[in-house]
Amino acid sequence: MSLKQAVHEKIMSDVVQTVKKNGEWKVMIVDQLSMRMISACCKMHEIMTEGITLVEDINKRRERLPKLDAVYLITPTERSVNLLKQDFSHPINNQYRSAHVFFTEACPDVLFNELCKSSSAKYIKTLKEINIAFLPYESQVYHLDSAETFQYYYNPLRQSGRTMNLERCAEQIATLCATLGEYPSVRYRSEFDRNAEFAQMVQQKLDAYRADDHTMGEGPQKDRSQLLIIDRGFDPISPLLHELTFQAMAYDLLPIINDVYKYDNTSGEIHEKEALLDENDELWVGLRHQHIAIVSQQVTKQLKQFAQDKRMNDGEKANIRDLSQMLKKMPQYQKELSKYSTHLHLAEDCMNKYQKHVDRLCKVEQDLAMGTDPEGEKIKDHMRNIVPILLDQNIMAYDKVRIILLYVIHKGGITEENLAKLVQHAQIPMDVKCIITNMQNLGVPIIQDPQGNKSFSVGIIEDYGTFQGIAQVRAGLSLSRLCSQLSCLPC
Numbered sequence: 001m002s003l004k005q006a007v008h009e010k011i012m013s014d015v016v017q018t019v020k021k022n023g024e025w026k027v028m029i030v031d032q033l034s035m036r037m038i039s040a041c042c043k044m045h046e047i048m049t050e051g052i053t054l055v056e057d058i059n060k061r062r063e064r065l066p067k068l069d070a071v072y073l074i075t076p077t078e079r080s081v082n083l084l085k086q087d088f089s090h091p092i093n094n095q096y097r098s099a100h101v102f103f104t105e106a107c108p109d110v111l112f113n114e115l116c117k118s119s120s121a122k123y124i125k126t127l128k129e130i131n132i133a134f135l136p137y138e139s140q141v142y143h144l145d146s147a148e149t150f151q152y153y154y155n156p157l158r159q160s161g162r163t164m165n166l167e168r169c170a171e172q173i174a175t176l177c178a179t180l181g182e183y184p185s186v187r188y189r190s191e192f193d194r195n196a197e198f199a200q201m202v203q204q205k206l207d208a209y210r211a212d213d214h215t216m217g218e219g220p221q222k223d224r225s226q227l228l229i230i231d232r233g234f235d236p237i238s239p240l241l242h243e244l245t246f247q248a249m250a251y252d253l254l255p256i257i258n259d260v261y262k263y264d265n266t267s268g269e270i271h272e273k274e275a276l277l278d279e280n281d282e283l284w285v286g287l288r289h290q291h292i293a294i295v296s297q298q299v300t301k302q303l304k305q306f307a308q309d310k311r312m313n314d315g316e317k318a319n320i321r322d323l324s325q326m327l328k329k330m331p332q333y334q335k336e337l338s339k340y341s342t343h344l345h346l347a348e349d350c351m352n353k354y355q356k357h358v359d360r361l362c363k364v365e366q367d368l369a370m371g372t373d374p375e376g377e378k379i380k381d382h383m384r385n386i387v388p389i390l391l392d393q394n395i396m397a398y399d400k401v402r403i404i405l406l407y408v409i410h411k412g413g414i415t416e417e418n419l420a421k422l423v424q425h426a427q428i429p430m431d432v433k434c435i436i437t438n439m440q441n442l443g444v445p446i447i448q449d450p451q452g453n454k455s456f457s458v459g460i461i462e463d464y465g466t467f468q469g470i471a472q473v474r475a476g477l478s479l480s481r482l483c484s485q486l487s488c489l490p491c
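Each step along the sequence shown adds one to the number in the working numbering, with nothing skipped, and position 17 is 17.
Since the hints were derived computationally from the structure, they do not count as laboratory data. Idealized CB from N, CA, C, for every residue including glycine. It is possible that some hints are incorrect.
[Stated by the list, open to error] Result set (BS3-like, lysine-lysine): computed pairs, CA atoms no more than 30 Å apart in a straight line:
1) K380 to K421
2) K273 to K43
3) K10 to K125
4) K380 to K411
5) K21 to K10
6) K353 to K363
7) K304 to K273
8) K122 to K20
9) K262 to K222
10) K411 to K433
11) K411 to K421
12) K85 to K20
13) K301 to K335
14) K262 to K353
15) K128 to K273
16) K21 to K67
17) K10 to K222
[What the hints assert, rightly or not] Label-pair distances were calculated between CB atoms; the ranges are:
18) R224 to D392: 51 to 57 Å
19) H214 to E336: 45 to 51 Å
20) S13 to D109: 26 to 32 Å
All chains should be modelled from the sequences, with the hints used to inform the complete structure.
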């Protein structure tokens, strides 16, 4: 079962269907996290079928509906709980008739006691914790919607509030395990001290959930799972590289915001189109982890096959220019053809960026990450390849920072004098230079140890350059040689 499906079933069965009454409508109240959870996993028509007539944000001004019950799916934070209490603070002027409250995770005792003592308590018919406090981003990918955690984890100046933030993240991860029915053994990278602290928090949360549900992690022929806790310093190289798989490349090079891709449409009346890149798009799901050299071929091939299956005369024509003609001839297939159009445009936009300068960057990045050229020969003088890029004014400062960081990591740190020279040649603004020096907070050696010790290693590397395929694809894959250290961990 996919992560999205598991969350979908839990929301529908543990929240929506438990308060359903035939012939009676209810309104659902959500906050930021629960709204994103529902948007990711449920469709509005599914919720309406179960008696929910409206979904509203608790943080916004809402119309009074005193004849309807409200279903609250909210995080147990001080703000959300206070807003819930406000909705029932005036007996003659309450927002709703009564409340069914579902917290995404365990409610802190302080907030629980405040809620029980408030005047709103007598209007609460249901009070339950459903233990889903994470965002299922893809079928096998989740995130915690906590951008500030990175600062708390690494920034030595952000100590205040750090423990509270990490406790919250540990709780979210525990709810993920509870949703999946797993009680994993916890492993962590010991080279970074904070990992041990965080691992202990996660273990305590897991033990608490296991105490409430002794079946957690059990089942016929079920092996105990493992939860790996690693920090960004475990592999600082991978995010510096220009990745050439479809999804990573598109999100790195194109202005995709909230998974929405905008492009100029040449095959219809609407000049600018928007496309949501999510798991409802089967073509996207099938292509997103493919190398860009394969993607264009696959889209064209599938479009030709689609045209042939639908007996279109233009089956051999499968490009952006001819899609408009296909749409005019077969308007009933507009939805399907629009998907092909979107991904042809997306692949073309990626390739246009790649051919401008990214191809040059990829070669140098891979050589620095591997320490060898595509033929496996050790590179003796990296500066010969680096300097032309640093001097090129058409290349953005952030891309130059990537090259400098890869070089510094490869060398195990360099002197302050040499770093200053690289920054000067590349014309890196001072507010951007801090990106380089701040990498030290991840445990990455930037300024060389006075004794010249090199304590950082990129670990085991696997070469993907021998992938079978046409010459063009093989050449493209030589720019994707580095294998992330995560895939090299022993089982």
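Here is how each hint holds up against the structure:
no.: 1; hint: K380 to K421; result: 20 Å, holds
no.: 2; hint: K273 to K43; result: 23 Å, holds
no.: 3; hint: K10 to K125; result: 20 Å, holds
no.: 4; hint: K380 to K411; result: 12 Å, holds
no.: 5; hint: K21 to K10; result: 18 Å, holds
no.: 6; hint: K353 to K363; result: 15 Å, holds
no.: 7; hint: K304 to K273; result: 23 Å, holds
no.: 8; hint: K122 to K20; result: 20 Å, holds
no.: 9; hint: K262 to K222; result: 45 Å, violated
no.: 10; hint: K411 to K433; result: 18 Å, holds
no.: 11; hint: K411 to K421; result: 15 Å, holds
no.: 12; hint: K85 to K20; result: 23 Å, holds
no.: 13; hint: K301 to K335; result: 18 Å, holds
no.: 14; hint: K262 to K353; result: 15 Å, holds
no.: 15; hint: K128 to K273; result: 42 Å, violated
no.: 16; hint: K21 to K67; result: 15 Å, holds
no.: 17; hint: K10 to K222; result: 21 Å, holds
no.: 18; hint: R224 to D392: 51 to 57 Å; result: 52 Å, holds
no.: 19; hint: H214 to E336: 45 to 51 Å; result: 49 Å, holds
no.: 20; hint: S13 to D109: 26 to 32 Å; result: 28 Å, holds
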